[in-house]
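Peer 1: The lines below spell out each chain.
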Amino acid sequence: KQEVTQIPAALSVPEGENLVLNCSFTDSAIYNLQWFRQDPGKGLTSLLLIQSSQREQTSGRLNASLDKSSGRSTLYIAASQPGDSATYLCAVRPRGTGFQKLVFGTGTRLLVSP
Amino acid sequence: EPEVTQTPSHQVTQMGQEVILRCVPISNHLYFYWYRQILGQKVEFLVSFYNNEISEKSEIFDDQFSVERPDGSNFTLKIRSTKLEDSAMYFCASSSGTTGTEAFFGQGTRLTVV
Chain G
1048 KQEVTQIPAA
1058 LSVPEGENLV
1068 LNCSFTDSAI
1078 YNLQWFRQDP
1088 GKGLTSLLLI
1098 QSSQREQTSG
1108 RLNASLDKSS
1118 GRSTLYIAAS
1128 QPGDSATYLC
1138 AVRPRGTGFQ
1148 KLVFGTGTRL
1158 LVSP
Chain H
9 EPEVTQTPSH
19 QVTQMGQEVI
29 LRCVPISNHL
39 YFYWYRQILG
49 QKVEFLVSFY
59 NNEISEKSEI
69 FDDQFSVERP
79 DGSNFTLKIR
89 STKLEDSAMY
99 FCASSSGTTG
109 TEAFFGQGTR
119 LTVV
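Residue numbers (our numbering), protein chains in the order written: chain G, 1048 to 1161; chain H, 9 to 122.
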């Protein structure tokens, strides 16, 4: 059964810092991995989708990497801003039966202070 | 930009009552999903729906739950007899395909069962 873990659970940084959020998954048989942002009491905003054949994807100040064989992904946020404060979730789409669902991690709660 | 919309944003219901949560997926998408997030816990998959039938469901999605696409635009989740433990944020999502495509989520419906 696929398990997704995110470390750290919470992170507090001053504005301007570069930071890395980590996501690990137990089964490397995945189709893709997706990073989301969740603001308190709100929905999930898709940030980046990485296919299993890709190593990284970039969108603006965000860069996500994927090392499928080791079961890891990182989300790098450059020059963090207070508006980046949110919970960041990673989710994998497993191969085989159950391929239609996303399996989510517990999230990293990020606070960027001015 | 196309988005998934959900109504209502918050619903309070008495234990034992039936509730229907509504979603309008992105118009050209073919795959529809419901997820839920109990406060402080992971986002969990409930069900996926394609071509007017359930294509996959989790152990959570028991006989108390049902989904329907009553017309060309709406996608609904019905809970027949709500329990206190059904209190959660319910997210609708849609995608244009399955394994390789990005899932887009709505803002969620917060269901409170009292």
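None of these hints come from the bench; they were simulated from the model. Every value quoted in this text rests on a predicted model; they were computed, and no experiment measured them. No residue lacks a Cβ here, since even glycine has one placed at the ideal position from N, Cα and C. Each hint should be verified, as a subset may be incorrect.
No farther apart than 27 Å at their CA atoms in a straight line, the calculated lysine-lysine pairs in the DSS-like style are these [stated by the list, open to error]: (1) LYS86(H) with LYS1115(G); (2) LYS86(H) with LYS1089(G); (3) LYS50(H) with LYS1048(G); (4) LYS65(H) with LYS1048(G).
Residues from chain G that face chain H, not an exhaustive set, calculated with beta carbons under 8 Å [stated by the list, open to error]: (5) SER1075; (6) TYR1078; (7) GLN1101; (8) ARG1102; (9) GLN1104.
Partial list, derived from the structure: chain H residues whose beta carbon lies under 10 Å from chain G [unchecked claim]: (10) HIS37; (11) TYR41; (12) GLU93.
Peer 1: Take the hints in turn and mark each one as holding or not.
Peer 2: Verification of the supplied hints:
no.	hint	in the structure
1	LYS86(H) with LYS1115(G)	violated (37 Å)
2	LYS86(H) with LYS1089(G)	holds (21 Å)
3	LYS50(H) with LYS1048(G)	holds (15 Å)
4	LYS65(H) with LYS1048(G)	holds (15 Å)
5	SER1075	violated (15 Å)
6	TYR1078	holds (4 Å)
7	GLN1101	violated (11 Å)
8	ARG1102	violated (16 Å)
9	GLN1104	violated (11 Å)
10	HIS37	violated (13 Å)
11	TYR41	holds (7 Å)
12	GLU93	violated (19 Å)
Violation of the numbered hints given earlier is confined to hints 1, 5, 7, 8, 9, 10, 12; the remaining hints are satisfied by the structure.
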